[in-house]
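Enquirer: Sequence lines, in order, name chains S and L. Per the working numbering, the first sequence runs over residues 112 to 508. Per the working numbering, the second sequence runs over residues 112 to 508.
You may find that some hints are simply not true.
A pair counts as met if it fits within one copy or between any two copies, since identical chains are not told apart.
Derived pair list, reagent style BS3-like, types lysine-lysine, alpha-carbon separation capped at 27 Å [to be verified]:
#	residue 1	residue 2
1	K462	K303
2	K376	K411
3	K231	K499
4	K192	K376
5	K192	K411
6	K499	K419
7	K419	K311
8	K335	K167
9	K374	K116
10	K406	K167
11	K231	K116
12	K136	K192
By construction, these hints were calculated from the structure, which means they are not laboratory data.
There are 2 protein chains.
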Amino acid sequence: MINQKNVELGRRRSSIRELFEYGKKRKAEIGGDKVFDFSIGNPSVPAPAEVHTALKEIIEQTDPVALHSYTSAQGDFSVRKTLADYINKRFGTSLTADCLYMTCGAAASLTIVMNALLNKDEEIITVAPYFPEYKVFAEHAGGRLVAVDSADGTFQLDLNRIEAAINCRTKAVLINSPNNPSGVVYNADDIKRLAKLLEKYSHKFSNAIYLISDEPYRELVFDKDITVPYIMNYYARSIVCYSYSKSLSLPGERIGYIAVSNKMKEFEEVYAGICGAGRALGFVCAPNLFQQLVKRVYDKTSDISIYKHNRDRLYSALTDYGYTVVRPDGAFYLFVKALEEDARAFSEKAKQFELLVVAGDDFGCKGYVRISYCVAPDMIERALPAFKALAESYKQK
Amino acid sequence: MINQKNVELGRRRSSIRELFEYGKKRKAEIGGDKVFDFSIGNPSVPAPAEVHTALKEIIEQTDPVALHSYTSAQGDFSVRKTLADYINKRFGTSLTADCLYMTCGAAASLTIVMNALLNKDEEIITVAPYFPEYKVFAEHAGGRLVAVDSADGTFQLDLNRIEAAINCRTKAVLINSPNNPSGVVYNADDIKRLAKLLEKYSHKFSNAIYLISDEPYRELVFDKDITVPYIMNYYARSIVCYSYSKSLSLPGERIGYIAVSNKMKEFEEVYAGICGAGRALGFVCAPNLFQQLVKRVYDKTSDISIYKHNRDRLYSALTDYGYTVVRPDGAFYLFVKALEEDARAFSEKAKQFELLVVAGDDFGCKGYVRISYCVAPDMIERALPAFKALAESYKQK
Chain S
112 MINQKNVELG RRRSSIRELF EYGKKRKAEI GGDKVFDFSI GNPSVPAPAE VHTALKEIIE
172 QTDPVALHSY TSAQGDFSVR KTLADYINKR FGTSLTADCL YMTCGAAASL TIVMNALLNK
232 DEEIITVAPY FPEYKVFAEH AGGRLVAVDS ADGTFQLDLN RIEAAINCRT KAVLINSPNN
292 PSGVVYNADD IKRLAKLLEK YSHKFSNAIY LISDEPYREL VFDKDITVPY IMNYYARSIV
352 CYSYSKSLSL PGERIGYIAV SNKMKEFEEV YAGICGAGRA LGFVCAPNLF QQLVKRVYDK
412 TSDISIYKHN RDRLYSALTD YGYTVVRPDG AFYLFVKALE EDARAFSEKA KQFELLVVAG
472 DDFGCKGYVR ISYCVAPDMI ERALPAFKAL AESYKQK
Chain L
112 MINQKNVELG RRRSSIRELF EYGKKRKAEI GGDKVFDFSI GNPSVPAPAE VHTALKEIIE
172 QTDPVALHSY TSAQGDFSVR KTLADYINKR FGTSLTADCL YMTCGAAASL TIVMNALLNK
232 DEEIITVAPY FPEYKVFAEH AGGRLVAVDS ADGTFQLDLN RIEAAINCRT KAVLINSPNN
292 PSGVVYNADD IKRLAKLLEK YSHKFSNAIY LISDEPYREL VFDKDITVPY IMNYYARSIV
352 CYSYSKSLSL PGERIGYIAV SNKMKEFEEV YAGICGAGRA LGFVCAPNLF QQLVKRVYDK
412 TSDISIYKHN RDRLYSALTD YGYTVVRPDG AFYLFVKALE EDARAFSEKA KQFELLVVAG
472 DDFGCKGYVR ISYCVAPDMI ERALPAFKAL AESYKQK
């Protein structure tokens, strides 16, 4: 018998992926323009023009042996230096190149950090709703994911619930803001209170608790008055997992980084653990061409005005139709209250109207569905009558 | 305390890497042309011209949203189909696209396969000399690496030694041919005998034993009469881990694949385990741009005539100077008998002549050093007097 845990993981597709595959089949049956697929978080706007210009320049101007060679496992020094300088300028930190570790995207960042930190059966607390793969990653690293509910109605952090979950096995708290699937940005006051809590319990249990921030959506914030707090400015034991997948619309190219705060006293040990975990997991180095790319376009983003338009249009229409929606500050998801208790049943019902929306159950949050609005605006226009009809079908009962 | 096993792995650099770093420092001290660095296996010839042509064409001709989007976790279907067809044509197999799983290179292929197969404390047998990271990968996957010596003097497989190592915990045998560091290609007769052995013991212990072939050096074979046996043609429970790092000189870009033989009856389970392990390790998908690249240049290789020239020049000169060398059929390494019992001491002594060669101890094979000849031919010419002087320094004793 081979490893049955991994066999099961390989056989059991995520329900997001199931719905996406259903959508492909359904489109083939009735036509692509008749199915309203809000299932998947794949950026719908192209990479900024600078990306292709830079890629072509790098290929033309760099010696091919150097360009495609292994970098150090942490990533090319000049790439890390450029990104550290940019982070420092933007957030007032004092990171050096050696605080950064380049990775094959956010998932890699998370598995590397979890493997670096966790001993057997230690716990990572996260806040529901949360990205379902967190559980898979934590369990593979030998630990456990403990999900606590967010604040009722707002999806902000609920500090009391987090405190109640902390114990002597707690190794880290993992947050994701802007949040997938709620779109909520956690506010600075709560981050401050969370930091105090983690300091208190690190001391109480004589066991350092780390704060991990999963930040693929950092640049996808639509209103000028919203800022996403940088956790390193609030807590010494901070680790940021960043990815260019969404900001540069490069999800398939797998490029991101881990930044470890140099304010923690055991910095050297944590960074070494990250290097060791990256090595044991088989990452070797992040793709060199894309390391060189982000060195050139680190401050660019795709045209996110389309996502803002989509958010505003959907939020306003769905609210009009009687849906309950927390207005998202960022990312490209709406988390909408299902019109019946069982969100899976609601998601099934929506299919009758050719609407593909993911039940929140997989995100650890029952009674809601996720709408991915990284789609063409005209699909939203065509989908609105279906959303309206779906709402009306519940009123008729 | 964070995970100390990974901290230790992160702190303890491989001795290859140590020597490489020493070389960089030494070059800064006395000049780059005065240090003869044979420490590292980084291709010295550029990617074939078709690679950059194809990269630019792909970037110019493909819709950027599609080009950089997530592929399915297994890899883009059309890429897998193209590669499966090519393998079938070349080796007479009957693989479908769904036998292939695209990866971020050979290390990723190996960690994914090991995590898919291994239950706690199960064993993978490999043949010394072997690539040192095999042990790191196997242990992270919860298993153990069991190294058996190759045949005395030839570095070919020693079937008796392999048989003696097989027990009820044996999950796989891992071979690497052409071999890093010996350069030896395992012959077809021995592969045939190995297959018989694995069939016998799979049956005896009612526990399937897999044959894994790590093949980054498959295309680096220098003589027309040498063929590298394709294990799927000898054994049903075969898994091939392939990488384009060396054949296309793209080690930093991380692109390769796993091919699972569809002749094994539990194929579906093994492939699912691979999908599950890739997911749990955080790989998501192999870099899309490089997937599209290998779809176009799958049958190209870098100009390996330089490696052949280097092998011939070094082999003939070192033999003349009195060194004992098994003539390598492929890869870009010479495995040379040290001129004293302790290969680490010999490697230290070589430094006095500015020669950087890696002690074989890390490859599980004492008494030898590895010479990586993926270097500029003129460095070899400049290094030859140093090799001669090193040999003479031992004769004087």
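Enquirer: Run every hint past the structure and note whether it holds.
Expert: Now the hints, each set against the structure:
In this assembly of identical chains, the alpha carbons of K462 and K303 never lie at most 27 Å apart, being 42 Å within a copy and 54 Å across copies at closest. Taking identical chains as interchangeable, the C-alpha atoms of K376 and K411 are never at most 27 Å apart, the minima being 33 Å within one chain and 50 Å between chains. Proximity of K231 to K499 under the C-alpha cut-off of 27 Å is found in neither arrangement, the shortest distances being 49 Å within a copy and 53 Å between copies. In this assembly of identical chains, the alpha carbons of K192 and K376 lie at most 27 Å apart only when taken from the same copy (22 Å versus 51 Å across copies).
Taking identical chains as interchangeable, the C-alpha atoms of K192 and K411 lie at most 27 Å apart only when both belong to the same chain, with a minimum of 17 Å there against 35 Å between chains. For a Cα distance limit of 27 Å, the shortest separation of K499 from K419 inside one copy, 21 Å, qualifies, whereas the shortest one across copies, 70 Å, does not. For the identical chains of this complex, K419 and K311 are neighbours neither inside a copy (39 Å) nor across copies (64 Å), given an alpha-carbon limit of 27 Å. In the homo-oligomer, the alpha carbons of K335 and K167 never lie at most 27 Å apart, since the shortest distance is 33 Å inside one protomer and 37 Å across protomers.
In the homo-oligomer, the alpha carbons of K374 and K116 lie at most 27 Å apart only across protomers (23 Å), although the nearest pairing inside one protomer, at 38 Å, exceeds that limit. For the homomeric pair K406 and K167, the shortest alpha-carbon distances inside one copy (14 Å) and between copies (19 Å) are both at most 27 Å. Within a single copy, K231 and K116 get their C-alpha atoms as close as 16 Å, and across copies as close as 12 Å, so both meet the 27 Å cut-off. For the homomeric pair K136 and K192, the shortest alpha-carbon distance between copies (20 Å) is at most 27 Å, but the shortest distance inside one copy (47 Å) is not.
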